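Protein chains in written order, with my numbering: chain Z, 1 to 430; chain U, 1 to 405.
Since the hints were made in silico from the structure, they are not lab data.
Keep in mind the model is a prediction, meaning the values are calculated, not measured.
There's no promise every hint is true.
To give an idea of the interface, some chain U residues facing chain Z are shown, with a C-beta separation under 10 Å as derived from the structure [claimed, not checked]:
hint : residue
1    : S49
2    : D51
3    : Y59
4    : L61
5    : N62
6    : G86
7    : N90
8    : Q107
9    : R150
10   : N154
11   : V363
Beyond 12 Å from chain Z on every Cβ pair, some chain U residues (computed) [said to hold, decoys possible]:
hint : residue
12   : N48
13   : P66
14   : D68
15   : S105
16   : D110
17   : T211
18   : A394
C-beta: ideal position from N, C-alpha, C; glycine also.
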Amino acid sequence: MTTRVIVIAALMGLSQAVLAGQEIVASAPALPATQAPVAAAETKFVWREYPSIRSGRFRIDFRARFTADQRWSDSLSDDVDDARFDIARRRIGVAGSFGNLIEFQVERELKNDVPWRDVYIDVRPKRELGVQVGKFKMPFSLDENTSATNLDFIYRSLAASTLAPGRDRGVMVHGRVGGRLIGYEAGVFLHDGDNALANDPEEVQGDQTTALRLTIEPISARKGRDDDLRFGVAWTDSDVPEGMSAISGDTALHSHFFPSNLWVRGARRRIGGELQWRPGPYSLKAEYIRMSQQRLGQSVTDGDLPDATADGWYVSGTWAITGESKSRGLESPNRPLPGGGFGALELAGRIEAMTFGSGAAAGEGSRSPRSDVILRNRDQVATFGVNWYVNRWVKVLGNIIRESIEDPARGPVPSRPVFWSSVVRFQVVL
Amino acid sequence: MAALRSSAIWPGLVLFAVVVAATPHVEAQSGTNVFDPTVMHDISMWMNSRDLALIRLHYDLNTHYPVDVETAGTRVRNVSVRSRGGGSRNASKLGLLVEFARYASSQTLDGRRAIVLDNQWQDPPMLRERVAMALFTRMGVPAPLESPTRVSINGTSQGVYSIVESLDDQFLTRIGAGDGYLFEFHWLRPYYFEDLGDDLNAYTPFFEARTRDTEALSSLYTPIRQMIAAINEPSDTLWRSRVEQYVDLPQLIAHVAVETFLSEFDGLLGYAGLNNFYIYRPPGSTRHQFFPWDRDNAFQEVDASIFRRTDENILVRRALTYPDLYTYYLDALEQTARAAAEGGFLDNQIRTGAALIEADAAVDVNTPFTQDERLNAIAYLLEFARRRPGIVLAQVADARKSPSR
């Protein structure tokens, strides 16, 4: 643990040193005078927000993100120290572009069962049409598609982290029409994302998945501080082979409150609706996601069962009390520390719920993996947070989380339906 | 407000103020008592074909599978079954633990949360288990209720089974034993109550808690550790007083007497050490009682000695060195022999039991025994019922000539 603290401290120190004005620019060696002059642009190494190599229209940025969490929770075992302190992310990558035509990104988790994260190339000949190929997040869910670096809370909403598909390999067309008025993303992917990844030989993941997302920004033409009001709808469809659903209901700190042992087969469909508005220092976000899963031939008599369903929603809001514009991002505070100020300070709040059950309305619920009426369970969560953007590299987040499990017998603290957790995250981004 | 005093909250309270956000008995009655031993019951199960293939493939695992169960016109949905048994486990005639309340905690059948379907894989006449338990009960030794049944899965007959009462808190309530600590003994190796040491973890594999299993290891197993330490007390002078703190010796001896009369091959005096029993400790007590389980291997030898293997089990060997306990053992054997013979009790149990299952047993294609083997086994049981009481009484009379073992 001491080593972890030293690593974090060293990274914070490095970032502050860079902030103190030590912009590093290293030009490529001058060509020998005997060589013919080349029309190519000068290649140079630049370190402003992050290390970068630039050559004419070509640019490649080197990125790294380190986070460490300290957790306290009624749902964690007192004798498990590792559960309390966790270096949650150690991520490195490169991102680059060639003018406005091509963008690419390669990102890898240093220690993870699924190390490769975004690995894609995005070709955008026109604003109205782009094609993205590789491994990347499916176009579903505002929260899931928000970069981990820019989240308003330490953990994504339950709905996004559980019911949205997440990353997968595929191809997607996307673009914007009418300025920013209408946006579209439509793709085909090999499976239905790493949030639905099977962890057990009996568990199954969706096969080829199609995804579609449409967004509309109705007041984008006003060009004001409150012009980014956005509504969106999204949909995914995939076919799941026979097996146990790999999707479990997890609490904020990743303890099960609904198991992943339901037998399923057939179509898995997700629908989602989202809202985002960031006027000035404020922001408002809301989402609703519903996932339905067919259970063809899964009854004890080999007949069909009613669909298994899961619903999740959240409403969240933030207020940058130091006045920064939310839509422009708080990552670069007006008065960073050091640099004459204290950084940016933001308050955040979120309420949410996620419910697992079945489409059958009548009859008594059961925990049987082949029950027609699934005994539902629900987690209601309220999260209160404060975010301190120290400077463009360092961010400290603190969250208090109150969870209420409808059937606590299936939750992490069977004797208590309500439990609390606190988490502090230190984040360094290069 | 109690939650607010939790230590988990205070670190976060340093960061900001808290705003607190605001926030539901199914009993199936079959119409008959599933343990009525005078009725040939009928249990039908429906199981997804994939699950049926899996449970046959992995019959050696304790994986739970969902089924619907129907008996006497009552269908109970979302029931759990799993393969069970030791040497009787097999893929073709599955031994099954049926749990009505596993997936719906308040669900029961005739008030029972669980029953065992004994496949009688080691019981050629398909009668030993039920007849043996009937004699235990007649002699006042608490034993599971049993009744015969035919079982079908997905419309296909599985053959003749015994419905056996699950030994759990409901069993304890039925026999009026209170809500104490019940443990199932698991055979892991030949074991005769040798001292296992001070580490309580050494006892858990042998004695699985069936009630109060969420309590601390120390409250569950310290009295068992103390019981076994007392059984191994080196001083004969201290042995009796120490062991009586932890073992209901008269109850144990009555149990062993019935088992010995029945010429049990695999019980407390089993051929490979202790096997097939539960121990029970009432609440607030340290004294343990012994309950019989799985009597498929009873009725082995009609002329078996009443002292067969009594010198292997440390507890029984040392108990029988005390003249009063020795006499108690002989008295219990004599009472058992007389009760078995009285009014043709044992003979009637065998004849009525055989008649009840005859039609179904004759067409049970899943039993590992041929029809000739089954009929010969029934004939042998009848011979046992006729001859065993006299043989035991003669041995008892002979044994009374000695004051102790």
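Each hint tested on the structure:
The restraint placing S49 (chain U) at the interface with chain Z holds, with a minimum CB-CB distance near 5 Å, inside the 10 Å limit. The closest approach between the C-beta of D51 (chain U) and any C-beta of chain Z is roughly 8 Å, which is under the 10 Å cut-off, so the hint is satisfied. The interface hint given for Y59 (chain U) is broken, as the beta carbon of that residue sits about 17 Å from the closest beta carbon of chain Z, more than 10 Å. Nearest Cβ of chain Z to the Cβ of L61 (chain U): about 13 Å, over the 10 Å cut. The hint is violated.
A distance limit of 10 Å between C-beta atoms decides the matter here; for N62 (chain U) the minimum to chain Z is near 15 Å, and the interface restraint is violated. Residue-level restraint check for G86 (chain U) is violated (minimum Cβ-Cβ distance to chain Z is 26 Å; threshold 10 Å). Proximity of N90 (chain U) to chain Z is violated relative to the hint, the smallest CB-CB distance being about 23 Å (cut-off 10 Å). Interface restraint check: Q107 (chain U) against chain Z, minimum CB-CB distance 8 Å, threshold 10 Å, status holds.
Interface hint at R150 (chain U): violated, since its Cβ lies 20 Å from the closest Cβ of chain Z, which is beyond the 10 Å cut-off. Interface hint at N154 (chain U): satisfied, since its Cβ lies 8 Å from the closest Cβ of chain Z, which is below the 10 Å cut-off. Taken as an interface hint, V363 (chain U) does not check out: its beta carbon lies about 25 Å from the nearest beta carbon of chain Z, beyond 10 Å. The Cβ of N48 (chain U) does not lie farther than 12 Å from every Cβ of chain Z; its closest approach is about 5 Å, which violates its non-interface assignment.
At the 12 Å boundary, the C-beta of P66 (chain U) falls inside the reach of chain Z, the nearest C-beta of that chain being 4 Å off. Some Cβ of chain Z comes within 12 Å of the Cβ of D68 (chain U); the nearest lies about 5 Å off, and the non-interface call is violated. Look at S105 (chain U): its CB is around 8 Å from the nearest CB on chain Z, not clear of 12 Å, so calling it non-interface is violated. With a least beta-carbon separation of about 18 Å from chain Z, D110 (chain U) lies farther than 12 Å from that chain, consistent with its non-interface assignment.
The beta carbon of T211 (chain U) sits about 18 Å from the closest Cβ of chain Z, which is more than 12 Å, so the claim that it is off the interface holds. Distance check on A394 (chain U): its Cβ is at least 56 Å (rounded) from any Cβ of chain Z, clearing the 12 Å threshold; non-interface status holds.
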